[in-house]
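These protein sequences, in sequence, are chains A and B. If you're matching positions, the first sequence starts at 576 in the numbering used here and goes up one per residue. If you're matching positions, the second sequence starts at 576 in the numbering used here and goes up one per residue.
Careful: at least some of the hints might be erroneous.
For identical chains, the list gives no copy identity; a pair is met inside one copy or between any two copies.
[Said to hold, decoys possible] With a cut-off of at most 30 Å between alpha-carbon atoms, the simulated DSSO-like pairs for lysine-lysine come out as follows:
id	residue 1	residue 2
1	862	872
2	862	775
3	758	872
4	689	791
These are calculated hints, taken from the structure and not from any lab test. All values derive from a computational prediction rather than experimental measurement.
Protein chains: 2
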Amino acid sequence: MATSNSNHPLKDDLDIVIPTIRNLDFLEMWRPFFQPYHLIIVQDGDPSRSIKVPDGFDYELYNRNDINKILGPEASCISFKDSACRCFGYMVSKKKYIFTIDDDCFVAKDPTGKDINALAQHIKNLLNPSTPYFFNTLYDPFSDGADFVRGYPFSLREGIPTAVSHGLWLNIPDYDAPTQLVKPREKNTRYVDAVMTIPKGTLFPMCGMNLAFDRKLIGPAMYFGLMGDGQPIGRYDDMWAGWCVKEYKGIFWQEEIIPFFQATSLPKECTTVQSCYVELARMVKDKLGKIDPYFVKLGDAMVTWIEAWDELNPKESKKINGK
Amino acid sequence: MATSNSNHPLKDDLDIVIPTIRNLDFLEMWRPFFQPYHLIIVQDGDPSRSIKVPDGFDYELYNRNDINKILGPEASCISFKDSACRCFGYMVSKKKYIFTIDDDCFVAKDPTGKDINALAQHIKNLLNPSTPYFFNTLYDPFSDGADFVRGYPFSLREGIPTAVSHGLWLNIPDYDAPTQLVKPREKNTRYVDAVMTIPKGTLFPMCGMNLAFDRKLIGPAMYFGLMGDGQPIGRYDDMWAGWCVKEYKGIFWQEEIIPFFQATSLPKECTTVQSCYVELARMVKDKLGKIDPYFVKLGDAMVTWIEAWDELNPKESKKINGK
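Please put together the full structure from these sequences, using the hints given.
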């Protein structure tokens, strides 16, 4: 039987970024959905190991030696031995959109038993506006058979461009270590067929396991540190950085980090993602450096990340500087 | 077969308020869920008409003559010939919780064909905290088999008391007149099994057709005018008043009303729902009176409503004044 390659939106405008340390057998399951797209595989850990990719996929693969060669000393901003190394893929991509997925994600089924094409839903989300300024009670007004309900302001119905599409998951519920210890057997089995915009000014715990975003709009802010926590909306004033937090420290730090982000606002002069991010790096060093010296290191890495981004994406950078 | 009356939470702490102009045959469908609870029926329109209530329900019924007798001149604040008259029921209730439902609401079925007990879900929502300060990506952390995901601040996991539980609906999607005209045949058929908190500071179009709230916490702010639009969280600084808007005017007014509410903040001296609401009434007259003289009338009605509320609820009022 021929694999259908037709009707794959954004086929030439989206890269799938996969961080991995193993053979990518999981791609077999995703073949009907992923095969038409280009993959960027970021191999973590020992670069001498060889990673097998199933036949028929179009991909480029980078191991640590490649990253070091391409970035030189700036490679220090790319995490090692953590799936956060995926953000190197964001940097080398030349496409408008990124979809990133963990190599232990399986295809979920809807209640009728049909395989869910998570990528297709992400693409739909990225191509439709977000509505962060007012909440629509019947969920996604842009899905089939839905619209804005009575009382929704007409002036806000156009929405704004979607920056991030955050996928969810079934089975393992992605708890922190203490919750996992308390509820070792809890599974998430409830499939919720709803897309919604997280309102402006609302923080949320971003998870990088199944995530898509508009790279041209917010790519430089999608730096993952070691653990990804981010912001849903293309508003740079309250954008989250990724946090290099091992759980045991992270669960204490997060109580101080979150108020920092809630209070953060960026000066008007910062009009590009890059300049906002560098300013955020300064504030991280200044305000969070007191909690732990790690944050000084992270602030430096954030600046290095932007420098490396601009080197690999000179056209974007020129546009910004020349504007 | 005996009707099971056991296991009905809040049986003595919740009134079901139903505005109507017809015989309440729709209650037959809801009998297994509603029969153990007390009903407050607010008869709208011609008070000489007699409304039939199916046998076996425990209820009190008020028509316009009753409302006029009980409130005297203050009855002017209760709408006539509009389902907004339901708010009289909020005022005469002596219970901690209110559930209100339109008399044309049917019992929906979940995807397995089982009847959905909307009241039970509202009660569960009211008895569980809300989490308006941070978004939980896997929806309601208090539902069975769910919790807060990794990265959710521990300091915010206790949540705050839930003020309003907003139910949704299937079939007719509750569009405004223009949308209805454009999509006359569109039906909402997607059942979404998810409970979520609308974040702090986010406005939404409240619908009174299937709504529960904590009367002790925010009752006096639940004044409906003629069309109910409200606020999901027990924060009075950005509480919505109900709006006496006929659609054709409302869809123009709402574009100016919403920014008014987004910009509204109440002085610290207002520490009760009543005092906040009276201050809001003053601002409505002052700021929105310029749009249309209707808002001056509405501001006066808001004050009358609070006066009438305090007269019918003297204990609450005394507690406030004596505090």
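Each hint tested on the structure:
no.: 1; hint: 862 - 872; verdict: within (13 Å within a copy, 51 Å between copies)
no.: 2; hint: 862 - 775; verdict: both (24 Å within a copy, 25 Å between copies)
no.: 3; hint: 758 - 872; verdict: neither (35 Å within a copy, 56 Å between copies)
no.: 4; hint: 689 - 791; verdict: neither (33 Å within a copy, 46 Å between copies)
The earlier numbered hints that this structure contradicts are 3 and 4.
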